[in-house]
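Which chain is which? The protein sequence lines are A and B, in order.
At position 132 of the first sequence (counting the first as 1) the number is 132 in the working numbering, and the numbers step up by one without a gap.
At position 126 of the second sequence (counting the first as 1) the number is 1126 in the working numbering, and the numbers step up by one without a gap.
Don't take every hint at face value.
[What the hints assert, rightly or not] Covered stretches of chain B (in silico footprint by chain A; criterion: 3 or more residues with CB under 8 Å from a CB of chain A, positions within the stretch not fixed):
1. 1026 to 1040
2. 1159 to 1165
3. 1283 to 1289
[Said to hold, decoys possible] In silico DSBU-like pairs for lysine-lysine, Cα to Cα no more than 35 Å straight-line:
4. K1011(B) - K79(A)
5. K122(A) - K1224(B)
6. K224(A) - K1129(B)
7. K11(A) - K1129(B)
8. K252(A) - K1082(B)
[Said to hold, decoys possible] Away from chain A, derived, C-beta distances all over 12 Å, residues of chain B:
9. I1008
10. P1009
11. T1010
12. I1012
13. H1021
14. P1070
15. E1086
16. P1175
17. Y1184
18. A1215
19. L1316
20. A1322
21. F1335
22. E1347
23. H1354
24. L1364
No wet-lab data here; the hints were simulated from the structure.
We treat Cβ as the ideally placed atom computed from N, Cα and C, and that holds for glycine.
Protein chains: 2
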Amino acid sequence: MENYIHNIPTKIYFGKGQISHLPEVLEPFGKKVLLTYGGGSIKKIGLYDTVMTLLNENGFTVTECDGIEPNPRIQSVEKGAKLCRENDIDVVLAVGGGSVIDCSKAICVGACYDGDLWEMVKTARPGRKALPLVDVLTLSATGSEYDGGGVISNLATNEKIGAVFCFPAVSICDPTYTFSVSRYQTAAGSFDIMSHIMEGYFSRTDDSDLSDFYAEAVLKTVIKNLPVALAEPDNYSARANLMAASTIGCSKIPEYGKLYTGWPCHALEHELSGFYDITHGTGLAILTPRWMRYVLAKDPTVTARFARFARNVWGLQGEDDAVLALQGIEALEAFIATLDLPSTLTEVGIDETHFEEMAVHADLGGRLSRSYSPLMKEDAVAILKNCL
Amino acid sequence: MENYIHNIPTKIYFGKGQISHLPEVLEPFGKKVLLTYGGGSIKKIGLYDTVMTLLNENGFTVTECDGIEPNPRIQSVEKGAKLCRENDIDVVLAVGGGSVIDCSKAICVGACYDGDLWEMVKTARPGRKALPLVDVLTLSATGSEYDGGGVISNLATNEKIGAVFCFPAVSICDPTYTFSVSRYQTAAGSFDIMSHIMEGYFSRTDDSDLSDFYAEAVLKTVIKNLPVALAEPDNYSARANLMAASTIGCSKIPEYGKLYTGWPCHALEHELSGFYDITHGTGLAILTPRWMRYVLAKDPTVTARFARFARNVWGLQGEDDAVLALQGIEALEAFIATLDLPSTLTEVGIDETHFEEMAVHADLGGRLSRSYSPLMKEDAVAILKNCL
Chain A
1 MENYIHNIPT
11 KIYFGKGQIS
21 HLPEVLEPFG
31 KKVLLTYGGG
41 SIKKIGLYDT
51 VMTLLNENGF
61 TVTECDGIEP
71 NPRIQSVEKG
81 AKLCRENDID
91 VVLAVGGGSV
101 IDCSKAICVG
111 ACYDGDLWEM
121 VKTARPGRKA
131 LPLVDVLTLS
141 ATGSEYDGGG
151 VISNLATNEK
161 IGAVFCFPAV
171 SICDPTYTFS
181 VSRYQTAAGS
191 FDIMSHIMEG
201 YFSRTDDSDL
211 SDFYAEAVLK
221 TVIKNLPVAL
231 AEPDNYSARA
241 NLMAASTIGC
251 SKIPEYGKLY
261 TGWPCHALEH
271 ELSGFYDITH
281 GTGLAILTPR
291 WMRYVLAKDP
301 TVTARFARFA
311 RNVWGLQGED
321 DAVLALQGIE
331 ALEAFIATLD
341 LPSTLTEVGI
351 DETHFEEMAV
361 HADLGGRLSR
371 SYSPLMKEDA
381 VAILKNCL
Chain B
1001 MENYIHNIPT
1011 KIYFGKGQIS
1021 HLPEVLEPFG
1031 KKVLLTYGGG
1041 SIKKIGLYDT
1051 VMTLLNENGF
1061 TVTECDGIEP
1071 NPRIQSVEKG
1081 AKLCRENDID
1091 VVLAVGGGSV
1101 IDCSKAICVG
1111 ACYDGDLWEM
1121 VKTARPGRKA
1131 LPLVDVLTLS
1141 ATGSEYDGGG
1151 VISNLATNEK
1161 IGAVFCFPAV
1171 SICDPTYTFS
1181 VSRYQTAAGS
1191 FDIMSHIMEG
1201 YFSRTDDSDL
1211 SDFYAEAVLK
1221 TVIKNLPVAL
1231 AEPDNYSARA
1241 NLMAASTIGC
1251 SKIPEYGKLY
1261 TGWPCHALEH
1271 ELSGFYDITH
1281 GTGLAILTPR
1291 WMRYVLAKDP
1301 TVTARFARFA
1311 RNVWGLQGED
1321 DAVLALQGIE
1331 ALEAFIATLD
1341 LPSTLTEVGI
1351 DETHFEEMAV
1361 HADLGGRLSR
1371 SYSPLMKEDA
1381 VAILKNCL
């Protein structure tokens, strides 16, 4: 078992109606709020009005920064940081999903940063000065509500960079805000949660039992609750379990004590959505089973762990690890097939044009070559081709 | 699924050699340190010398408060708080197990409290002014390293009160410090971890899946690793998994989203150790299976959950929930039997003299009458008698 440091200071208000705590949560930081959000779905569900009423009735002044994109771009970071400086903002209030929260983290740091903000993203590190961040979550997916990271895209350079900016001081997680999330976004977001867990689960460390059992707990939670949420979008229990799983999914807690795994599917997916702006969870759902089949076929040292995945996550039984390992992947594929997500890169308009370039770039920091089952450039290209 | 608030600001340095971070951890709080510890086991394992060397070499001044008891007493809180005031202490450094950390939390609050400290304990609530607390953990058991609570005893009134004082700012959790923990304390401490989980697991809420799966994860971790730690006291993986389980055990995270359960075995055990000063984990190991058998026999609504416990924690299979429910308790009893702990109250010198009084007092706040399977006074007395 490896050493680790646990340091997540975020306070979470979880459940129906927790938005009522918003004024008391913001109050200690000051009265000048930058409200960040995306394309307006928070207006459709009435959350925008709820937030504005709470802020106005309690004497906050609000500057708005809307239009934050899925796969948020550096231009939105620049716009938000500029608004913070111009309006002497005390606290950023992000209302939305992972993209809005990710972008808002970069805004919080950017507002206190002198210099080029893409440079800030590329050199991001924990502990930089930042405005405080509060968020109201509306999508169960990225886990940005309970980690310090964010992913920012630069379409000019085809770069999508994941970096550590700052933790939310408080996250308000009310599952009812996800009732109106579409079938597609629910499925893609939930696969993102599963991917965060699987990326850490497939690891060389076999003695970090609490982490492995916890990872299995999160996966079983999604596997049980996602079909319910898809069938009954306003099923509170299902939405609540998905939201709780989201919060833990990217926290790294389920991989404490484990060796570096590289998160290879995330590394490759960031290339796909960096070049083609596809939905992150969709890219992961296409890539993950192909990555699994590829490494299982190539690397006999992974068989036992894949067999454990089959037994403990999918409840499969059998004596032969090699058979079980494959059955576990098949179970995941069958589960993905029920989600109606695109199943190939071709379907989302991606061909092999940039695969070589992606394979090289995805290995920055050795994320592929030092990953669980090390991948060379040709391995990465082969996996991408298997996704066509 | 019920609403909850997650708010645990404690930073954890987990693993071998993390003590090297001690000076940088203490530094922001100031140079005047109150060092609290127990009966001297930290001297036997060399940890006292390590800590003193680190503090001396880095210019800290140290005031010592030693001799903190298992089941720490209000007199130790008074002594520590007085030392803080007399020496203008900046930060309390607790080196020890749950008793030392619990007592140190009360000292941190007591140092800032005007008035009688037993009154402070009896009226404790979150958010009171407190000195900062840093701890170095030497026993996997109470989870005090990752919660805000503490249990303080007053032998003059036979009271043992659990209350919320303050969170450690930082906990240093190095499993090697537990290599020398005796077989008896390892077993009793580990049963305390299991009890924290089981107290929340047996609940009326059946839709908080992530919490239930996580609770099962912690139990499976202890069940797997405790026998290894007992057979090989210096097995790092086993000790590390027990320490990680301890940290989560009392955090309440594995019962987020679940209804109040009352923690009835803890309520009764605090009476036993309040009157007789027995080891907390031992009292729990005697009480828990008797509580289980009693409520299962009396209350048919608990059968399904006990059957789940049998299936998911002990890996038992079968169609008949009633049969499985009993087999799950038998599996727990068989596990306890391997630990060589006292198995009856008679063995630890307790007779029925105070059972009536204990049953009344344990129900303070409705902990028994509003618990998972509600217990009246006569139920509590019957359970205690079954432990003789």
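Verification of the supplied hints:
1. 1026 to 1040: Since 0 is below three, the answer is violated.
2. 1159 to 1165: violated (count 0)
3. 1283 to 1289: violated (count 0)
4. K1011(B) - K79(A): 34 Å, holds
5. K122(A) - K1224(B): 43 Å, violated
6. K224(A) - K1129(B): Given pair K224(A), K1129(B) is violated - Cα atoms ~44 Å apart, limit 35 Å.
7. K11(A) - K1129(B): Cα-Cα ~19 Å, so holds.
8. K252(A) - K1082(B): With a Cα-Cα distance of about 41 Å, the restraint between K252(A) and K1082(B) is violated, given a limit of 35 Å.
9. I1008: Check fails; 9 Å does not lie beyond 12 Å.
10. P1009: About 5 Å separates P1009(B) from the closest Cβ of chain A, which leaves it inside 12 Å; violated.
11. T1010: Since the minimum Cβ distance to chain A is about 8 Å, T1010(B) lies within 12 Å and the statement is violated.
12. I1012: 4 Å, violated
13. H1021: 9 Å, violated
14. P1070: Check passes; 26 Å lies beyond 12 Å.
15. E1086: The assertion about E1086(B) holds, with a minimum of 33 Å to chain A.
16. P1175: 8 Å, violated
17. Y1184: At roughly 23 Å from the nearest Cβ of chain A, Y1184(B) sits farther out than 12 Å, so the non-interface label holds.
18. A1215: 9 Å, violated
19. L1316: 15 Å, holds
20. A1322: About 23 Å separates A1322(B) from the closest Cβ of chain A, which puts it past 12 Å; holds.
21. F1335: 16 Å, holds
22. E1347: E1347(B) is indeed farther than 12 Å from all Cβ atoms of chain A, at 32 Å.
23. H1354: 38 Å, holds
24. L1364: The claim stands: L1364(B) keeps its Cβ more than 12 Å from every Cβ of chain A (closest is about 27 Å).
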